[in-house]
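Protein chains: 2
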Amino acid sequence: MDVNQYMITLGEQARSAATAIARASTQDKNKALLAIADAISQQRSALYQANATDLENGRAKGLDAALLDRLELTDARIDTMIEGLHQVATLPDPVGEITNMKYRPSGIQVGKMRVPLGVIGIIYESRPNVTIEAASLCLKSGNATILRGGSESIASNQMLAACIRTGLAAAGLPETAVQVVETTDRAAVGKLITMPEFVDVIVPRGGKGLIERVSKEARVPVIKHLDGICHVYLDRFADKTKALNIAVNAKTHRYGTCNTMETLLVHQQVANEWLPELGEAFAALGVELRGCDQTRDILNSIHAATAADWDTEYLAPILSIKIVASIDDAIEHINRHGSHHTDSIVTENYTLARQFLTEVDSSSVMINASTRFADGFEYGLGAEIGISTDKIHARGPVGLDGLTSQKYVVFGNGEVRT
Amino acid sequence: MDVNQYMITLGEQARSAATAIARASTQDKNKALLAIADAISQQRSALYQANATDLENGRAKGLDAALLDRLELTDARIDTMIEGLHQVATLPDPVGEITNMKYRPSGIQVGKMRVPLGVIGIIYESRPNVTIEAASLCLKSGNATILRGGSESIASNQMLAACIRTGLAAAGLPETAVQVVETTDRAAVGKLITMPEFVDVIVPRGGKGLIERVSKEARVPVIKHLDGICHVYLDRFADKTKALNIAVNAKTHRYGTCNTMETLLVHQQVANEWLPELGEAFAALGVELRGCDQTRDILNSIHAATAADWDTEYLAPILSIKIVASIDDAIEHINRHGSHHTDSIVTENYTLARQFLTEVDSSSVMINASTRFADGFEYGLGAEIGISTDKIHARGPVGLDGLTSQKYVVFGNGEVRT
Numbered sequence: 001m002d003v004n005q006y007m008i009t010l011g012e013q014a015r016s017a018a019t020a021i022a023r024a025s026t027q028d029k030n031k032a033l034l035a036i037a038d039a040i041s042q043q044r045s046a047l048y049q050a051n052a053t054d055l056e057n058g059r060a061k062g063l064d065a066a067l068l069d070r071l072e073l074t075d076a077r078i079d080t081m082i083e084g085l086h087q088v089a090t091l092p093d094p095v096g097e098i099t100n101m102k103y104r105p106s107g108i109q110v111g112k113m114r115v116p117l118g119v120i121g122i123i124y125e126s127r128p129n130v131t132i133e134a135a136s137l138c139l140k141s142g143n144a145t146i147l148r149g150g151s152e153s154i155a156s157n158q159m160l161a162a163c164i165r166t167g168l169a170a171a172g173l174p175e176t177a178v179q180v181v182e183t184t185d186r187a188a189v190g191k192l193i194t195m196p197e198f199v200d201v202i203v204p205r206g207g208k209g210l211i212e213r214v215s216k217e218a219r220v221p222v223i224k225h226l227d228g229i230c231h232v233y234l235d236r237f238a239d240k241t242k243a244l245n246i247a248v249n250a251k252t253h254r255y256g257t258c259n260t261m262e263t264l265l266v267h268q269q270v271a272n273e274w275l276p277e278l279g280e281a282f283a284a285l286g287v288e289l290r291g292c293d294q295t296r297d298i299l300n301s302i303h304a305a306t307a308a309d310w311d312t313e314y315l316a317p318i319l320s321i322k323i324v325a326s327i328d329d330a331i332e333h334i335n336r337h338g339s340h341h342t343d344s345i346v347t348e349n350y351t352l353a354r355q356f357l358t359e360v361d362s363s364s365v366m367i368n369a370s371t372r373f374a375d376g377f378e379y380g381l382g383a384e385i386g387i388s389t390d391k392i393h394a395r396g397p398v399g400l401d402g403l404t405s406q407k408y409v410v411f412g413n414g415e416v417r418t
Numbered sequence: 001m002d003v004n005q006y007m008i009t010l011g012e013q014a015r016s017a018a019t020a021i022a023r024a025s026t027q028d029k030n031k032a033l034l035a036i037a038d039a040i041s042q043q044r045s046a047l048y049q050a051n052a053t054d055l056e057n058g059r060a061k062g063l064d065a066a067l068l069d070r071l072e073l074t075d076a077r078i079d080t081m082i083e084g085l086h087q088v089a090t091l092p093d094p095v096g097e098i099t100n101m102k103y104r105p106s107g108i109q110v111g112k113m114r115v116p117l118g119v120i121g122i123i124y125e126s127r128p129n130v131t132i133e134a135a136s137l138c139l140k141s142g143n144a145t146i147l148r149g150g151s152e153s154i155a156s157n158q159m160l161a162a163c164i165r166t167g168l169a170a171a172g173l174p175e176t177a178v179q180v181v182e183t184t185d186r187a188a189v190g191k192l193i194t195m196p197e198f199v200d201v202i203v204p205r206g207g208k209g210l211i212e213r214v215s216k217e218a219r220v221p222v223i224k225h226l227d228g229i230c231h232v233y234l235d236r237f238a239d240k241t242k243a244l245n246i247a248v249n250a251k252t253h254r255y256g257t258c259n260t261m262e263t264l265l266v267h268q269q270v271a272n273e274w275l276p277e278l279g280e281a282f283a284a285l286g287v288e289l290r291g292c293d294q295t296r297d298i299l300n301s302i303h304a305a306t307a308a309d310w311d312t313e314y315l316a317p318i319l320s321i322k323i324v325a326s327i328d329d330a331i332e333h334i335n336r337h338g339s340h341h342t343d344s345i346v347t348e349n350y351t352l353a354r355q356f357l358t359e360v361d362s363s364s365v366m367i368n369a370s371t372r373f374a375d376g377f378e379y380g381l382g383a384e385i386g387i388s389t390d391k392i393h394a395r396g397p398v399g400l401d402g403l404t405s406q407k408y409v410v411f412g413n414g415e416v417r418t
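So the sequence lines, in the order shown, correspond to chains A and B.
Quick note: the first sequence uses the UniProt record's numbering, first residue 1, plus one each step.
Quick note: the second sequence uses the UniProt record's numbering, first residue 1, plus one each step.
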């Protein structure tokens, strides 16, 4: 079959399954999630085999170690997938929640009901565990899903797709509620993101190149973030212990995550006292520092930051440091060079904390906390499909609620407009 | 200046003003709204003159009576604009509202803060009063705005733009926070909807042709609805008085509005008893009826509905009537032929009411109330910029909240990830 026609078939099947999955009871959805977990557990050896094929092909294609690592399904990763399915089953069902029903002077009572978005397309790289993560969140939120993983993970994904179908069938739900694209033809992505008649929203997960391409070419809304250029601003009224702990944690807790600090801003009045200690702490942890001229007057041995550094997401043990004259300069720097992801101020000053909270235009704005907290689990969403730096629809970590919409509901007693 | 360059200039100015308007105090925004009202009041005669020019040019161009009527600024319409500005000034400011701050096990406290979207582009037809409506809502919600009204209203809009600038200046806000496109070149619209770097969302208001074009060509999110094909379903368990009142009101209260009923669905068990009475009521009000075969067995003299009728928004005293065998058939018809706008069931049966509420996939779903209630004023939003039938971002009547987003805020006390 021609790839366009194949994608249209998947789209039609998804659109048709969307109605059934939107109406599915909480019980049936949870039953499906647990049955998928059971199927994965039972198919563990078949999964290893499929994954071994992917790994072998990946090595033959010369994939680098990092990509091969992400592709691999270890025992621990399979356990995590199974555990994740159980966790999503325990989350409250967002669908059907009615809120805010208020009487109006006309006599009608008006509020909102949470409803699924419809069909969600997920595009991701060769990480088979994302197949299960994404499928479980979309299923629980009552959406049909079309999953398109990286071509190197095709055998693993096909095996996982079989487990998903088994689970859906066990709960009496349509097997087409979750479909995995079973072709590695790249044209499949191009079609998936340009079928507004079948797909309501696209969530790209992966590298910047992928997300840029999807955003540019999509004809449906995209929930995404491109970069995570996060900042910590150490204010002159900061508590020194909190300041140093947060700065070190935000950079060094993990290097490859989008909520990791990439630029540290320090108020000039505390820079002389705190930067030497920070410099030592970072040096001990193997972090390369790049500073503005003022920073290098204090930390003489570090490299100079170039203009490009302020706009770079290192995803590596590298940190740029800039000394600022005021909170206004800090906010200006963040709004100009940041990626509207996550930024934190460390301060004990109420008015400055409030100013930062209000004026920093990012999906998460923090006071006295590490930027590393910006994720769905830490925020209590239970899980997340990704973090959005857009303002339309969902902003910040996107959990089950972010995969839904709200319609108005009106309770009347025969009221008419007069 | 070349029109593309002109639009880029407006875009740059809007983007730059957006920061100031997002941070503006409630007091300053209200001051601006009232000062715009004052300016309009003072410029009443100049407004009439400008509008007379538009009307004269419109007549010379051969505009029809309906278009000329919408174009005209009567005394009453100017009063309504002034009153509208005062009303928006009294609405609560959505910006900065912090909600749902909850402690997490890590010690951080997480919630959301409501923030403006940024720059909103409004594209509308030659109705100068929309200029003020849209400007006031965008201003109150902290957004910068670029307004592009129909070319026939250019003189009126330029005069209103001057009043808006006067008001903004009186409150110390940037005059570029609200800009009216002062060229009638149609290429301006094409540019406005394809500048994601300057415009965050587009709200098209007007006829289907305009909205279809904008949706198709826009490179930024669009808040819109295309059609209002609304239904009332008279269930067999309906109270007859409520049923007849709601059916008549939903069709005849106003014919040209998007929340007017276009198709009436009647359960077969009550059709014989109720349709003759309904037929008389509609005939007395001059409504042309078009029925399915079963309906015409009861109302012999009416026209047959063709397949196209079920998909038509008449915006006129015409109603299609279909007899259905069950609520399932009614819901199936609505989800297939409706426009996901507003649909109402009349019933006294709890379980069927609940089924309708859950399964009808529309932006407003009602029980025992006229579809005519679907608007921002009746829902208590204070005002609306339009009604969205999309599921992404805002659904149903879009008020001040719909022109905002929510960012996460985190209050910590030095917490780090471990």
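If you're looking for bench data, these hints aren't it; they were derived computationally from the structure.
What you are looking at is a predicted structure, and each value in this text was computed from that prediction instead of being measured.
Incorrect hints may have been included.
[Claimed, not checked] Dumping the calculated DSS-like pairs for lysine-lysine here, alpha-carbon to alpha-carbon at most 30 Å:
1. K112(A) <-> K61(B)
2. K216(B) <-> K102(A)
3. K31(B) <-> K216(A)
4. K240(B) <-> K216(A)
5. K208(B) <-> K216(A)
6. K240(B) <-> K240(A)
7. K31(B) <-> K407(A)
8. K61(A) <-> K407(A)
9. K112(B) <-> K31(B)
10. K112(A) <-> K240(B)
11. K208(B) <-> K112(A)
12. K112(B) <-> K407(A)
13. K61(A) <-> K216(A)
14. K240(A) <-> K61(A)
15. K216(B) <-> K208(A)
Against the structure, the hints come out as follows:
1. K112(A) <-> K61(B): Roughly 46 Å separates the two Cα atoms, so the pair is violated.
2. K216(B) <-> K102(A): Distance of about 37 Å is beyond 30 Å: violated.
3. K31(B) <-> K216(A): violated, 40 Å
4. K240(B) <-> K216(A): violated, 54 Å
5. K208(B) <-> K216(A): holds, 26 Å
6. K240(B) <-> K240(A): Roughly 73 Å separates the two Cα atoms, so the pair is violated.
7. K31(B) <-> K407(A): Status violated; Cα separation ~34 Å.
8. K61(A) <-> K407(A): Violated, at about 49 Å.
9. K112(B) <-> K31(B): holds, 27 Å
10. K112(A) <-> K240(B): holds, 28 Å
11. K208(B) <-> K112(A): holds, 27 Å
12. K112(B) <-> K407(A): The given pair, whose Cα atoms are some 21 Å apart, holds under the 30 Å limit.
13. K61(A) <-> K216(A): Status holds; Cα separation ~28 Å.
14. K240(A) <-> K61(A): Roughly 51 Å separates the two Cα atoms, so the pair is violated.
15. K216(B) <-> K208(A): Holds, at roughly 26 Å.
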